[in-house]
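Asker: Based on the provided sequences and hints, a complete structural model is requested.
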Amino acid sequence: MTKIMTDTTIDSPLTQAETLFQDPLTAGIPLCVDLDGTLVKSDTLLDSVIVLTRQHPEALLKFPKWLGGGKAAFKKNITSTVQLDVVHLPYNRHLLQYLEQQRATGREIYLATGADATLAQRVADHLGLFSGVLASDGTMNLIGKNKLAAFQQRFGSKFCYIGNAHPDVPLLSNCHQPMVANPHRSLSSALRSAKITPSMTFTDQASSLKAWLKAIRLHQWAKNTLIFLPLILAHTRSAALFLGAAIAFLSFGLCASATYIVNDLLDLEADRKHISKRRRPFAAGDLSPLAGAVVIFLFLLTSLVLAIALPHIVAGMSPHDALKYPYKFLEWMGVYLVSTLAYSLYLKRRVLLDVIVLSGLYTVRILAGSAATGVLVSTWLGAFSIFFFLSLAFVKRFAELENLIQRNASPSNGRGYRTTDIEQLRSFGTASAYASVVVLTLYISNLADSAHLYSHTTRLWLLVPILLLWLSRLWLLASRGDLHEDPVVYAITDRRSLALGVLVLVVVLLAL
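Numbering (my numbering), first residue to last: 681 to 1192.
Accuracy of the hints is not assured; some may be wrong.
To be verified - Below, computed lysine-lysine pairings styled on DSS-like, alpha-carbon distance capped at 30 Å:
no., residue 1, residue 2
1, K890, K957
2, K903, K953
3, K825, K875
If you're looking for bench data, these hints aren't it; they were derived computationally from the structure. Note that the coordinates shown come from a computational prediction; the quantities given were computed from them, not determined experimentally.
Answerer: Okay, structure coming up:
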């Protein structure tokens, strides 16, 4: 008898026709399914450790003792300390649909995992697909040969198995109709060496390149262009200082991306409950937290090296432009790093304090740019940035609440804001927006005697209606619920915003 399903990759939902038949060769043979990386795209142990770090950081001190008892005991201790949200785990959709089809035919399905039995049972209870659960019990770690022995004791030689990693090789080598889900390269290589061809492959994973580009939030690097602002506003034309600003931009970008990954890891469970943030690579299970930790270390190390090298490169290129305070940029980047980590760990859950910190991080970028180039920041630029970016921080929170109201949902991210706060946030944000316009008008009115900067200062008054238009439109769209929750994404993707940006550049050039 030949197999009906061979070398099949499930890249789209099963069709109705596919859900109506069962391979006669495997009818009546129990189907065993791995959990981590297979049924669930992430590793539930790592997910639990991240949740523990967020909820019970003091428990990290117990890790040496727990690890001393063996991996099975470690898993049991973690599982007994925190309860992972099994409802919003990133399940492999195509595999889940296949299991539902198999269950509908009356086939016995078992969840067989190295995860602790308590967690495995909660997953099984939630899905309602399994006839039983085989898992680690605090004493025996049910992976590899241990799992194979448990299968043979319970099923003899008649069982099918779906796995994803190299420890699954013994099971896939001794089962009927081996299947894989999002297989690791090491597993695929081992199966090829053993001349084993999986009968089905359940793929539900984004490409690594796209996932990493999304994780480091490359588009957010647009914020770091503020580093160039002091240099540009001072009309400095030094190539060495522009190179210094460029190095600072790269250093700051790497540091910021590392903190974004830290934030995503700490917000793993909260993001999975969010309508759009659940698609973030770590929340969706497309990237491993371990890989994220490695990238955080490499990015921060590279950022540090660049920050230390910056003043030496500037001085080497132009001794005349050597920085008076060579490591001031490094200090400001340290302020940014500490503030961002404090924000991710605690401050983002403090009402109003969170927006103050967010707006301050924009101003820190300007001050870092000043430190990297030795160009002082004027009090006018400092005052403008405080009010302008405070408005952007408020509109971000306002948009989040407005979108919740439109979906008839309640805040669940623990930030402390209520939907009833929306009108107060609107007043705070719009007041800050127009305060920044007032600061701009005062700055322009004080430029009358600054012919060394602008030859036609009166033309700069055209910036006022442009800024009023952009800020007013931003808040109008937010009030309608049409604004992306991140105003930076809006600014760099909205055609009208980009057109107004070009217009600002034209006005400044005409005023020179």
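Asker: None of the hints should be skipped; say for each whether it holds.
Answerer: Evaluation of the provided hints:
1. K890 to K957: It holds: about 16 Å lies between the C-alpha atoms, which stays within 30 Å.
2. K903 to K953: holds, 27 Å
3. K825 to K875: holds, 20 Å
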